[in-house]
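A.B. asks: Each chain is listed here by its residues.
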Amino acid sequence: MTTPQLDVEGPAAPPRRNGELAFSEPWESRAFGLAVALDAAGVIEWETFRQQLIATIGVWEAAHAPDDESWSYWRCWQDALEQLLLDQGVIGGDDVDLRSEQLAARAPGHDHDHGDHSHHRHDH
Amino acid sequence: MSISERLPISMRTEALESILVERSLVDPKVMDAYIKMYESDVGPLNGAKVVAKAWVDPEFRERLLADGTAAVGELGFKGPQTEHLEVLENTGEVHNVVVCTLCSCYPWAVLGLPPSWYKDPAYRSRIVREPRAVLHEFGLDLGADVEIRVADSVSECRYMILPERPAGTDDLSEEELAALVTRDAMVGIAKVAGPQ
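If you're matching them up, the sequences are chains B and C in order.
Residue 81 in the working numbering sits at position 79 of the first sequence, with consecutive numbering throughout.
Residue 1107 in the working numbering sits at position 134 of the second sequence, with consecutive numbering throughout.
Hints are supplied without guarantee of correctness; some may be wrong.
[Claimed, not checked] Heads up, simulated EDC-like pairs for lysine to aspartate or glutamate below, C-alpha to C-alpha not over 16 Å straight-line:
1. C/1026 <-> C/1120
2. C/1022 <-> C/1137
3. C/1002 <-> B/41
4. C/1051 <-> C/1129
5. C/1009 <-> B/27
6. C/1164 <-> C/1125
[Said to hold, decoys possible] Selected chain C positions facing chain B (in silico; Cβ < 7 Å):
7. 984
8. 987
9. 1007
10. 1095
11. 1130
Quick caveat, the hints were computed from the structure, so don't treat them as lab data.
Note that the structure is a prediction, hence the values are computed from the model and not measured.
Don't be surprised by glycine CBs; every beta carbon is placed ideally from N, CA and C.
Generate the whole structure from the sequences, applying the supplied hints.
C.D. replies: And the structure:
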């Protein structure tokens, strides 16, 4: 009997990490990071957030077929987080609307990279 | 309908983050650290180590099946979504497969973040109604004599599967065994294949 050859890097390698990307777009990872950081900071309680997420997904599913291509798990996540923060009075009713409009009104070419808020590059 | 619903969702996330940062409720650096941790450092390899240990250490296996949270904690794996971990053993007679029908609860600390199919409405509803057909689509055909049990992560419970140890692995070390274990096997949509 020979010793098995184990791939550690190649395509047959076991999933050292997730095996696939957890996030397909940067905003998804920010929405994820927001909820986890707010929980860690004690601003939200995880189980309460989970219940809101369940409710949000339930509303989407009631209105769509299971294979509807507009499905976005992370959109539900974002909506649930917003709703929870609204319900808790952490943010006001139109805070996110107003700030979104402000961000949308930024000059074209503005660096939208928001991975680091400590500085904003204006390299144009 | 809010005026901003015509804007891309990414802008709402950015807006929410900027408001919360302004009010010192979140620190972007803390967010970055969590994202990096779950995106690249925490993954199914943690669960694979747990499975391999259970295969070679019968006492650990017993502790794992009795109290998953405490047993994986022995290996240093703990964190949100793993507070109530229940480990289910797959055998030749009973095959467990995990789902969260309501949202997408998943034991992050041992499996990383869930794959996209796990969160899809189609998987979450169909695996309960027709598990045999869904497993077939994943490439897993189980004999008619195998009982399939669907573990739904309701309430605060999270599930992980302890798959069957494949034949022909008696000479393998714990580390070599861990390399055989896949995420799919720990969710229950696959079996662990023996060494090639």
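A.B. asks: Run through the hints listed earlier and report the numbers of any the structure violates, in increasing order.
C.D. replies: 1, 6 and 11
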